Amino acid sequence: MTSPRQRAIAEFILDHLVWFMLAVVLIAFSIFVPNFFQIGIFANIVEQSTFVGVMAIGLAIVIIAGHMDLSVESTAALAAMITGILFCSRGIGMGLTLTPEWLVIPVSLIISLAVGGLIGCLNGVFTIRLRMNAFIVTLASYIWVRGLVVAVSGGRSAQDLAPSLRIVGIQQLLYVPLIAWIAILCFIVFSFIMQRTPFGRHITLIGGNAVAAFRAGIKVDRLMFISFILAGAIAGLAGWLLAIRTSGATANLGTGMLFNAFAAVVIGGVSLKGGVGKLPGVYAGVLLLSSIHTAINLMGLPAHYTQVILGLLVLAAVLLDTLKLQIRQRFA
Amino acid sequence: MNRLRRLLTASIALAAVAVATPAFAEDSKGKIYYLVPTLLDEFQTESVSAITRFMDDVGYEVVTLNADNKTDMQQSQMNDTILQKPSAIILAAVDFNALAPSIEKARAAGIPVMIFDRQITSTPSDLTSVAGTIEIGQVAAGEIQRLLKEKNGAVKGKVLQVLGDPSDPYTLDIQKGFEDKMKEFPDVRIISLPAMQWEASNAGTIVSDQMVANPDIDLIFLHAAHLSVAAVAALEAKGKKPGDVMMISSNGAPVGLDLIRKGWLNVEVEQPLYAQAAALAMFADKVVNKQEIKPGNYNVLGLDSVMTIENWGPNIKIPGAAITKENVDEPRFWGNLKAPADKIQPVE
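In the order they appear, the protein sequences are chains A and B.
Numbered by the working numbering, the letters in the first sequence go through residues 1 to 332 in order.
Numbered by the working numbering, the letters in the second sequence go through residues 1 to 348 in order.
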């Protein structure tokens, strides 16, 4: 028999396991990896978490809702390329200028969100309206949207982003660039939406049991559709941030980020079966991955180790998820 | 009824195209397939335009197939292409060694194979046109030695080398050429890290981390110009100005030339794309007709190039140039995207 206090402690630890893992990893790296323990490195980790982190928010929402979105990486790349083409002054950039200059920030952001939202909307139409399998639909989008990136760019790159937009990537607040603060803000806002609003709670319910949610009067199709649009728009935001960070866009920008985003979502405790998961955990998962990438960079290990460690971590996360379920049953 | 009419019209149009094609084919000496490794970087994209243009000058039609950096896909493309019985195949291999059996298969079927840019020495081919990836690393090493000496009074200091994807032999060859040349300078510490999948933001992350962990880095050597864009953005975010950290990159893409003009890049080691492509066109007739290619010096778009007969066949090596602020605007550099206006003349 366990007391309610013991049970509460166990629940707390299980709910925040990924944060504990992050703390342990950071302490270990600080002790054993030369030059790791310094404010600049921690700021880098937060900054590098920006793109995968933002992308993972949309992905997590769709997965919590019981579906899948493989198109987020290509969507981000398309948003980045369109931002680059419109607002870069070199390469294939058209060097569009607006008066006053600061208008570039909201206009480019709205365009990126719209591009992402449109791809998400298409995914939603095929998946929700036409009842096609989300995995296949978004896999197709993953391929054709990347193809579109190559087509619109002709394989060439855009560089020299408008200075008023670059400021977002250069300016720092408490050693951390503004783009990273945008990612943190996104996590706070969407965590609130997912946990404290009817929309978030309904999405979680739908992911847990769509039939039960439908019988309870929740507009399942409508909310699912919105989740796809949200995932696309958030991926568009990730692309906008990526273009700002790299001061432009190349045709292969963002390649490989989908798998990192998936890893972060799984490590962060989101169940691929849907209905379970919290966004703060996802952020911890992203930070964990970035810490490992940074440590490997500093140790000068071959990059293949990152992939090995990443794979093992995902496996460990799924194992932990299974263990957590068993432990919870014991305490129940 | 309308649908039937549309279908009929489409069929007639298709038939017209089919009838018209042989007429076009009569003007052409034949089809040459160009197997490009990827279209995700500017060198490869421009190589498609250059090869298509130059081959057209000498009477060949070019069909391009993109392997998306996948060895297995390129092997399949080779198999498919062999069945089309083209006049020749131009191959820029994803993997230098893995494509050797496919080259042997094509040649056994009587289809000549020309190698573009990525030298394959493990099996014979009919013509190789390269700048030499190892040589690019060596040229970069020479420039880095010069820059370090100018800055530190001797060839000493710390160099960050940002490779491309570690599974790509192209970047490994550049690394080999560079590190072999730098061995004689033990006072130079080289930190080598790969940008996975040649993805620019990965290069930015490496530079960002290393500038914190090793703020005394003198020079950054990046294996492709598009990686240097992200590296510059990362340096800018750390408050660096052009010239604070010396930089070199390779391949001579337009982005690299722009960064030289802005003062961020000191040197760009060029792969002479136009000349490499022009050399293929100059010798295309000889390759297709299986005539002897004589060794010696040839002038390819104004560059003194050397044709040698190697174990793997005729090999023309075109010198790669070091592009600096002084010569960056010269039209001969492909990064300026001014393809030569004169028609390519076949070698007699």
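Simulated from the structure, these hints should not be mistaken for laboratory data.
Note that the structure is a prediction, hence the values are computed from the model and not measured.
Glycine included, C-beta positions come from ideal geometry on N, C-alpha and C.
Be aware that a few hints might be false.
[As the list claims (entries may be wrong)] Pairwise CB distance ranges (calculated): (1) B/Gly239 <-> A/Pro4: 23 to 31 Å; (2) A/Pro4 <-> B/Ser167: 48 to 56 Å; (3) A/Leu301 <-> B/Pro186: 57 to 65 Å; (4) B/Asp72 <-> A/Ala114: 49 to 57 Å; (5) B/Leu65 <-> A/Ala114: 28 to 36 Å; (6) A/Asp15 <-> B/Lys241: 42 to 50 Å; (7) A/Phe199 <-> B/Asp72: 43 to 51 Å; (8) B/Gly239 <-> A/Asn35: 14 to 22 Å; (9) A/Arg5 <-> B/Lys241: 55 to 63 Å; (10) A/Asn35 <-> B/Asp187: 15 to 23 Å; (11) A/Asn35 <-> B/Lys183: 19 to 27 Å.
[Unchecked claim] One-sided and incomplete, this derived list gives chain B residues near chain A with beta-carbon spacing under 10 Å: (12) Val63; (13) Ile82; (14) Leu83; (15) Gln84; (16) Glu236.
Structure-based check of each hint:
Our hint of 23 to 31 Å for B/Gly239 and A/Pro4 is violated, since their Cβ atoms are close to 53 Å apart. For the pair A/Pro4 and B/Ser167, the beta carbons lie near 54 Å from each other, so the given range of 48 to 56 Å is met. Distance hint check for A/Leu301 and B/Pro186: the Cβ-Cβ separation is about 23 Å, which falls outside the suggested range of 57 to 65 Å. As the Cβ distance of B/Asp72 to A/Ala114 is approximately 37 Å, the hint placing it in 49 to 57 Å is violated.
The hint said 28 to 36 Å for the Cβ distance between B/Leu65 and A/Ala114, and at roughly 35 Å that hint holds. Judged by the Cβ atoms, the range 42 to 50 Å given for A/Asp15 and B/Lys241 holds: they are separated by roughly 47 Å. At roughly 44 Å, the beta carbons of A/Phe199 and B/Asp72 sit within the given window of 43 to 51 Å. Here the CB-CB span from B/Gly239 to A/Asn35 is close to 19 Å, well matched to the stated 14 to 22 Å.
Distance hint check: the CB atoms of A/Arg5 and B/Lys241 are about 58 Å apart, consistent with the given range 55 to 63 Å. For A/Asn35 paired with B/Asp187, a C-beta distance near 21 Å keeps the hint of 15 to 23 Å intact. A beta carbon spacing of about 26 Å between A/Asn35 and B/Lys183 agrees with the range 19 to 27 Å that was offered as a hint. Of the supplied interface hints, the one on B/Val63 is violated, with its beta-carbon coming no nearer than about 17 Å to a beta-carbon of chain A, more than 10 Å.
Evaluation of the B/Ile82 hint against chain A yields a violated restraint, the C-beta minimum of about 26 Å exceeding 10 Å. Interface hint status for B/Leu83: violated, as the beta-carbon distance to the closest one in chain A is roughly 25 Å, over 10 Å. At a threshold of 10 Å, the smallest CB-CB gap from B/Gln84 to chain A is about 24 Å, leaving the interface hint violated. For B/Glu236, the interface hint holds, the least distance from its beta-carbon to any beta-carbon of chain A being 6 Å, beneath 10 Å.
Comparing the model with each numbered hint stated earlier shows that hints 1, 3, 4, 12, 13, 14, 15 do not hold.
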